[in-house]
Amino acid sequence: MIIGISVPSLIAILGVGLTYEYINDVKDREQFVQIADDLKEHVLEVRRNEKNFLRYKDEENLREIHDAVSILTRSIEGISPETAEEIGRKEFSLLKRSVQTYSALIDSLYKNFQQETEVTRRVREEGRKLERFAANWQYTGELSINLVLHLRLLEKNYMLFRDRESFVKLKDKLAELEKTGYFCNECVAYIEALRRLFATYKKSDAMVNELQATGDNLERITGRIAMRERQRISSFLTLTQRLLLVALALLCTLGPLFVYKTANHITAPIKRLAEIAKRISEGDLSLRAPLREHDETYYLAVSFNTMLDHLQLAQESLAQSLELLRQKQAQLVESEKRASIGFLVSGVAHELNNPLNNISLTAETMLTSLKDLTHEDMREYITDILSQSERAQRIVQDLLDFAGAKRSSVMEKQDIVRVVKKSINLTANQLRINNIKLIQDIPDRAFYVKGDRNKLEQVFVNIIVNAIQSMKEGEGTLTISVRPDADSRNILIKISDTGHGIPEKDLKNIFEPFFTTKSVGEGTGLGLSVSHSLIMEHNGKIEVESKPGEGSTFTVKLPLYKEPA
529 MIIGISVPSL IAILGVGLTY EYINDVKDRE QFVQIADDLK EHVLEVRRNE
579 KNFLRYKDEE NLREIHDAVS ILTRSIEGIS PETAEEIGRK EFSLLKRSVQ
629 TYSALIDSLY KNFQQETEVT RRVREEGRKL ERFAANWQYT GELSINLVLH
679 LRLLEKNYML FRDRESFVKL KDKLAELEKT GYFCNECVAY IEALRRLFAT
729 YKKSDAMVNE LQATGDNLER ITGRIAMRER QRISSFLTLT QRLLLVALAL
779 LCTLGPLFVY KTANHITAPI KRLAEIAKRI SEGDLSLRAP LREHDETYYL
829 AVSFNTMLDH LQLAQESLAQ SLELLRQKQA QLVESEKRAS IGFLVSGVAH
879 ELNNPLNNIS LTAETMLTSL KDLTHEDMRE YITDILSQSE RAQRIVQDLL
929 DFAGAKRSSV MEKQDIVRVV KKSINLTANQ LRINNIKLIQ DIPDRAFYVK
979 GDRNKLEQVF VNIIVNAIQS MKEGEGTLTI SVRPDADSRN ILIKISDTGH
1029 GIPEKDLKNI FEPFFTTKSV GEGTGLGLSV SHSLIMEHNG KIEVESKPGE
1079 GSTFTVKLPL YKEPA
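My numbering applies: residue 529 is where the sequence shown begins, and numbers increase by one.
In short, the hints are calculated from the structure, not lab data. Predicted, not measured: the structure shown is a model, and the values here were computed from it. Worth double-checking, as some hints may not be accurate.
As the list claims (entries may be wrong) - DSS-like, lysine-lysine: derived pairs with alpha carbons at most 27 Å apart: (1) K639 <-> K699; (2) K730 <-> K639; (3) K1090 <-> K1075; (4) K1022 <-> K978; (5) K555 <-> K618.
Let the hints inform the model, and build the full structure from the sequences given.
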């Protein structure tokens, strides 16, 4: 084995010795390549800071890009005239001018960004004034609140996307406002603010394009310098290659003869380890590498086996942790379900009171007038008792179905319209008790999703119960709609209330476990968290929109069921 390693090494040393002189020539130019690479790296750092500056447009990123430009400038000025002459004086002169231009453009662009901020603020301020003006019925003719609101929406889209489509839509709608022929100070001020916004954005875009073009030119210049130096080194290496051919010929003829035995001796245990690793990747963690003291891979095998021992222990611990996590999650789901049942029971009790009273009155009448009742009267009273009993049975059965549903991970084809209607039935008693008006926009046809009916019912019941509780202080309206999205790939279930709403600062936390905006004792803080996790299991999303004092809208988005091919 020692001979097999030594002989190829000697041949390689011989080749290196023959090329030593040419390597010295390459080293003389190596410092020029390093200079070129440093300049290129500094330019790339400037471009990276440029992206951040164009994205955030703040003073911090302005300072960072100026720092990067200063480093590039110092690097250029630190190159001696002799080195610049050797590398290319013309390229260095062009590079200096481009850096100066680039630095000036940055300052100009930042001033324009600041102007953008002021213009944007002005547009929003004038837009709010115009919106209030239209909302207070201070208009005539074609000037309407809908036109103003649509114009404000297009304004926001243009500020957000700044693309051609948003610009054209906003400009067309602005022209529509002007065509109304209605004159008001708010209209004029808003139109002028938008036109100034157009001009400011156009100026910024032109300056950004010029800045990026100058940055591209910096990259091209430093790239040419680096490429030219590498080409010069390549010419030296070409000469070196001719001498290396001799060493290569020796390696090709004598090397394999000695390497063959060495390779077999080394690769055999490595192949064993590779085979074991392959079987382990298939899931068999019980395998271990054989230990042989005089084997070159002995210490590798020991470390490999130790790693497998730790991996097996970690896998077992992870499996236990996952099982415990599933159990805890199931407990949380059941806990929230029991909380919903407790809320529904009060409504069920109220609803059961009517049929039970009817049964009691009918039975009492029959007992009092038993001797005077005809066969037909008896039949009518008994039919009424049966009807009221069936009504009470249905009320109790709906609650029992919801309460006794078993947890399951089986996803089946479900009619989401039927699931939503069932959820409404479960909460109908509470809606009547709290004098809440229900508006349904639910199609008669079926829409299918892949999911667990009981879990979906729990989600909708949770959301409806929250809506009812938010409207307890007075009469309210609950609106529930079901419809597919524009692409007919998803079904959207929207549940809206006119309750007290959710503060904006709390919106980001409402799906967190144990977070609640209710008073102490009125909620577990798990309802929305559990609902969110259940919808995620169905590959869906749940979103919320809310305004304090106006109400909230929860949108559940689920993928429509696709029949298997």
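Results of checking the hints against the structure:
no. : hint            : verdict
1   : K639 <-> K699   : holds (26 Å)
2   : K730 <-> K639   : holds (14 Å)
3   : K1090 <-> K1075 : violated (36 Å)
4   : K1022 <-> K978  : holds (19 Å)
5   : K555 <-> K618   : holds (24 Å)
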